[in-house]
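**Student:** Each chain, letter by letter, is given below.
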Amino acid sequence: MSGQVSQLTPGAAPLPPVLPDAPPPRARPRRSRHRPAWEEPPSTAGAVSKAVVLAVVVLAVVFPLYTVVLTSLSTQAETLRAGGLVTVPGELTLNAYTQILSGGVVTRAALVSVGVTAVGTVLSTVVSVLAAYGLSRPGSYLHRPILFVFLITMFFGAGLIPTYLLVSGLGLIDSYWALILPGAVSAFNVLILRNFFMGVEPAIIDAARIDGAGDWRILRAIVLPMSKAAVAVVALFYGVGYWNAFFNAMLYINDNAKWPIQLVLRSYVLQGVSLPGGGTGTVDVATGVVTGLPVQMAVMVLAVVPILVVYPFVQRHFTKGVIFGAIKG
Amino acid sequence: MTVPLLHRRRAKPAPERPDGVAAPSGPPPRRLSRRAQIARDRSLLLMVLPAVVLLAVFAYVPMLGNIMAWSSYSPYQGFFSSPWVGWENFERVFSNPLFLNAVGNTLAITAFQLVFFFPVPIFLALLLNSVMSPRVRTTIQSIVYLPHFFSWVLVVTLFQQMFGGAGLLNQTLRQHGYAGFDLMTNPDTFLVLLTMQSVWKDAGWGIIIFLAALSTVSPELYEAAAVDGANRWRRMWHITLPALRPVVILLLILRLGDSLTVGFEQLILQRGAVGVGVSEVIDTYVYYQGVVYGDWSFAAAAGLVKGVVSLALVLGANKLAHVFGESGVYKRA
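For the record, the sequence lines run as chains A and B.
Residue numbering for the first sequence follows my numbering, starting at 1 and increasing by one per position.
Residue numbering for the second sequence follows my numbering, starting at 1001 and increasing by one per position.
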């Protein structure tokens, strides 16, 4: 069941999230701030161990991010003093960022990623919304066989090799379209949206139809405004998929001037290949390795910032977003 | 669009047999010619068209392209003029020790993660559900969901910065006079490393579905049980865990159907560092044999074997779910 978000490879994408339609926790009627009378208060030991475990979990997520951000903002001297990553704030500077953003490999890669993500997300979301609405009206012509066409792609991946040969046969090697088109439609996301659209009260749609609205108008004026949460979540899934994808680029983009940010991150930070000239990183002449740890960390931060920016706006939709078991029937 | 057509929009779908085929008895509820139906649903069909075209080109054409597994494809001869070799590629696949090693690694990773990854979100969800303050709860939720949206490149790089040879842990150990160790390149602990990464990235996201299941439990059940003298552990055993059962079974089935798929990007990023002995899985094997070494048809055959077995696993697992009386992943449409 690999409902790929944006990958072409079977199973490259993680299991797509199955989102529940439970109301957000704060709206749960049963959850009051106060412990009900019948519930025994927790033992001190229990309460303490619970707090400790939760604190450890939160720290495990936050601490690595904190160190990376802090190191990216520290001076080279500070990292030498710390012997590597900086954990205690010392001398701060924005040098690393001005370095990577003043043109050169990293800047270009970031722009490529922004462009691919923007175009890809819009394309995928529009195509998916249209398909989902087109399949959501009960009894329409051929909707079952067409639905089946979508479902099959969730259960049987085409395979990496034939997909690669197809994309290269279409002449898309070294084209940005190779990063967008092969994974542009995720059947899973279409089904999430379809499920949501089918939940729109039919009486409203019928009323609009009587008033002379066609399907395009109904979609734009009624169904879409009522499904903002689902569309936002699906757009986020697509957007994150495009931004995070690196394997597609590794396959299809040989020209490293066209690399997206994730590939740059992989080769210059994870694999430690030195950045070619152009004011990106301090290159140690003797070893040829990038010694600018702050610069490397700044590349990491750059690769995650867009997600951190968008996340808070969409995050609140997760719990009320989309129906659990969207894949059913 | 005239009013009579409305009827169709609102009409209940024809009664269905359990297996989904429209009831044979009785005349069909509407008798529109095919042409009239197409005319009526023209906009709907037009809306579906772009997605269908994309799927046809980028999913179905390569699916058919799998016939190359029965040929000896060479880029110089072209797709259709390469010689056909029957089952030769499949024979090579099954007799290849490296492929079998990749299958072994894949299954080992799946099994290990089933034991050490799968229960983590359940545990976290129970813990989080017992937090009284809604603000604390939602804050923790937002934080632990976050790594799910990070790329594998970023996650692996973060782990390298924390646990690698020059990472923070080693840096601290050495400063205190201990010998360092490099978790990132040690093949013996690779399964642990992989699972740590997966837990860090996706365990938080995994709780979302369990929290949803927990939120549907009626509080009266707990109250009644408490009145009857059940303590908190008894309540968890008899109310909470049974409420989670369908979700747990559903997810187990999904995972089972996905046994042959383990994090491809995660593995390909670390294949070089720990060596192919432990990190080669089916997907990475296919990639290297085909795209890197150019043994295209052999790689396609290996990939096709995986695809077919996976399909069988999903269908089988779903069958299993029905046997257990759960609703499974999909119903017959």
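Note that these hints are calculated values from the structure, not bench results.
Nothing here was measured: the structure is a model prediction, and the numbers come from that model.
For glycine and all other residues, C-beta sits at the position ideal for the given N, C-alpha and C.
Check before you lean on any hint, since a few could be wrong.
Sample of chain A residues facing chain B (criterion: CB under 7 Å; computed from the structure) [claimed, not checked]: (1) W38; (2) L85; (3) V88; (4) L92; (5) N95; (6) L130; (7) P162; (8) D215; (9) R266; (10) F313; (11) Q315.
Over the 10 Å line for every Cβ pair with chain A, so calculated as not near, a few chain B residues [what the hints assert, rightly or not]: (12) E1088; (13) L1098; (14) A1111; (15) F1112.
**Student:** Against chain B, is R266(A) within 7 Å by beta-carbon distance?
**Tutor:** The hint holds - R266(A) has a Cβ within 7 Å of chain B, the shortest such distance being about 5 Å.
**Student:** Grab the minimum C-beta distance from L85(A) to chain B and call the hint holds if it beats 7 Å, violated otherwise.
**Tutor:** 5 Å, holds
**Student:** Is the nearest Cβ of chain A still more than 10 Å from the Cβ of E1088(B)?
**Tutor:** Since the minimum Cβ distance to chain A is about 16 Å, E1088(B) lies beyond 10 Å and the statement holds.
**Student:** So, as I understand it, the hint says F313(A) touches chain B; can you test that by seeing if any CB pair is closer than 7 Å?
**Tutor:** 12 Å, violated
**Student:** Was the hint right that N95(A) lines chain B, CB cutoff 7 Å?
**Tutor:** This hint is violated: N95(A) lies away from chain B, its Cβ roughly 19 Å from the closest one there, beyond 7 Å.
**Student:** Minimum Cβ distance from L92(A) to chain B below 7 Å?
**Tutor:** At 19 Å from the nearest chain B Cβ, L92(A) fails the 7 Å test, so the hint is violated.
**Student:** For L1098(B), is the shortest CB-to-CB distance to chain A above 10 Å, so the non-interface label stands?
**Tutor:** Nearest chain A Cβ is 16 Å from L1098(B), so the label holds.
**Student:** Holds or violated: is the Cβ of D215(A) closer than 7 Å to a Cβ in chain B?
**Tutor:** Holds: closest Cβ of chain B sits about 4 Å from D215(A), inside 7 Å.
**Student:** Would you say F1112(B) is clear of chain A, with no C-beta pair closer than or equal to 10 Å?
**Tutor:** Given a closest Cβ separation of 17 Å, the condition holds.
**Student:** May I ask you to test the interface hint for L130(A) with respect to chain B, counting a Cβ-Cβ separation under 7 Å as satisfied?
**Tutor:** 4 Å, holds
**Student:** Quick check on V88(A) please, does its C-beta sit within 7 Å of some C-beta on chain B?
**Tutor:** 12 Å, violated
**Student:** Please verify that hint: W38(A), Cβ, nearest Cβ of chain B, below 7 Å or not.
**Tutor:** 4 Å, holds
Hints 3, 4, 5 and 10, counting from the list given before, are not met by this structure.
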